[in-house]
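Generate the whole structure from the sequences, applying the supplied hints.
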Amino acid sequence: MEQTALTSVTKLPLFIAVNYFAVVMGHGLWRMTFYNYAFDVLRLSKTEIGLIFSIASIPGTAAFLIGYVARHVEFSRLVGFSVAMMGIGLLLIGVSGKNGLLWVGTLAVAWGFTWYAPLANKAFIQQSGVPDVGVALGGLKSLGPLAMVLATVVVYLFGGVHNTGTLLVFIGIVVLTVGFWAVRRCRRLSFGRRYSGIRISAALWPYYTLNFLAGSRSAIFKTAVISLLVTRYQFDSKAIGMVILFSTLANMVSYAGIGWLTTRLPARRLLAWLYLLVAGVFLGFVFVENLSGFLVLIVIDSLLFGSSVVTDAHLKRGDEPVYQIGDLALGVSAFHLAGVVVSVSAGWMWEGFGTAPVLVLGAAVCLTAAVASFFLVPRGDRNPVAIRSIS
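Sequential numbering of the sequence shown, starting at 6, is according to the working numbering.
Check each hint, because a few of them may be wrong.
[Claimed, not checked] Keeping only pairs whose Cα atoms sit at most 25 Å apart, straight-line, the calculated SDA-like set for lysine to any residue is:
#1 Lys227 to Ile57
#2 Lys227 to Ile245
#3 Lys227 to Thr214
#4 Lys227 to Ala67
Hints listed in this document are in silico derivations from the structure and should not be mistaken for laboratory results.
Here the structure is a predicted model, which is why all the values come from computation and not from measurement.
Put into C-alpha cells, the structure is as follows:
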C-alpha cells in the first residue's frame with residue numbers, strides 16, 4: 006500500500022537533509038575559495054588549475070558507477086563512504102601545499118559530492134508517498150542554495166586568502182562529524198539493504214534525455230549568459246558574485262515552489278511549461294541589451310530552475326525502487342556529460358559566430374526538453390512491450 010502524504014512527511018529523514026546541507030556547504034566553500042587559494046597561496050599555474058578541474062569533472066561523468074556499487078554495498082555504508090571522501094578531501098586540500106595531496110583531495114571532494122547527491126535523493130524518494138514526493142525533493146534541493154548562501158557569508162567573514170586552509174580543514178571536520186551521525190541514523194531506519202545495481206531501461210529514455218538537456222541548458226547559461234555580464238556590461242568579480250548570490254536565493258524559492266506545483270499539475274505539463282518559459286528567456290537574452298532587463302531575465306531564469314525536482318520525482322512512479330539509485334546516478338552522469346560536451350561546443354560557437362547563436366541553441370535545447378517532457382509516463386501506464394532493460 007502507498008504511503009499517504011501525512012505518514013511520509015513524518016518519516017522524512019531529517020538527518021539526510023542536515024547532512025546534505027553540510028555537504029553542499031563544504032563543496033561550495035571549496036569552489037568559492039579555490040581560485041584565490043590556488044593562485045595566491047599554492048602558486049599554481051593556469052595549466053595546473055585547468056588539470057585540477059579536469060580531474061574534478063571525472064566523478065560526474067562516471068557517477069553511474071554508484072549503481073553497480075549499490076548492488077554489493079549497503080546504503081548506510083555508501084552514505085558513509087561518500088561523506089568520508091568529501092570530508093577527507095577537504096582536509097587534504099586544507100593541509101596540502103603544492104603536492105600530490107591537493108590532487109588527491111580534489112578528486113575525493115568531487116567524488117564524494119557526486120555520489121552523495123543521488124543517495125540523498127533516493128532517501129527522500131523512498132520515504133515519501135507518491136502524492137508528496139515532489140514537495141519532499143523540492144524541500145531537500147532548496148537546502149542546496151541555502152547552504153551556498155551561508156557559504157558565501159562564511160567566505161566573506163572568514164575567507165581571507167591565508168585563512169583558506171584552516172577554513173577548509175574546519176568544514177571538513179564538520180562534514181565528517183555530521184556524516185558519522187547520519188550513517189548511524191541510516192542503520193536504524195530502513196536504509197540498510199542493498200539495491201539491484203544499474204540498468205539502462207528503454208522505458209526511461211525520457212528521463213536520461215531530460216537530464217542531458219538540463220545539463221546542456223546549464224552549460225549554455227554559464228558559457229554565454231554569465232560571460233556576457235563581463236564582456237558586454239563590464240561586471241567585475243564582486244558584481245558577478247552579487248548576481249550569483251541573488252540567483253541562488255531565487256533557486257531556493259524555485260525548488261520549493263516547483264515541488265509544491267508537482268502536487269497541483271501533472272509532471273509532464275509542468276515540465277513542458279517550465280522549459281517553454283525558459284526557452285523564451287533565452288530568446289530574451291538575444292534581444293534585450295538593457296542591463297536592467299538582462300538582470301531581470303537572469304532572475305526569471307533562476308526562478309524557473311529546478312526541473313530536476315520533477316524528473317527525479319517521476320522515478321517514484323517511473324521505476325522499481327531497487328533500481329532508483331542507479332537511475333539517479335545515470336541522470337547525474339548524463340547531466341555532467343552534457344556539461345563537458347556542450348560547454349566546449351558553445352565556446353566554439355561563441356568564438357566563431359558570436360553569442361546570439363549560442364543563446365538560440367539554448368532556446369532550442371529547452372524546446373526539445375519541452376517535447377521530451379510529454380514522454381514521461383508512469384510505470385503502470387506504459388505499454389508492457391516498452392518495459393525492457395538494456396544491460
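Hints and how they fare:
1. Lys227 to Ile57: holds (19 Å)
2. Lys227 to Ile245: holds (12 Å)
3. Lys227 to Thr214: holds (20 Å)
4. Lys227 to Ala67: holds (22 Å)
Violated hints are absent here; each numbered hint is respected by the structure.
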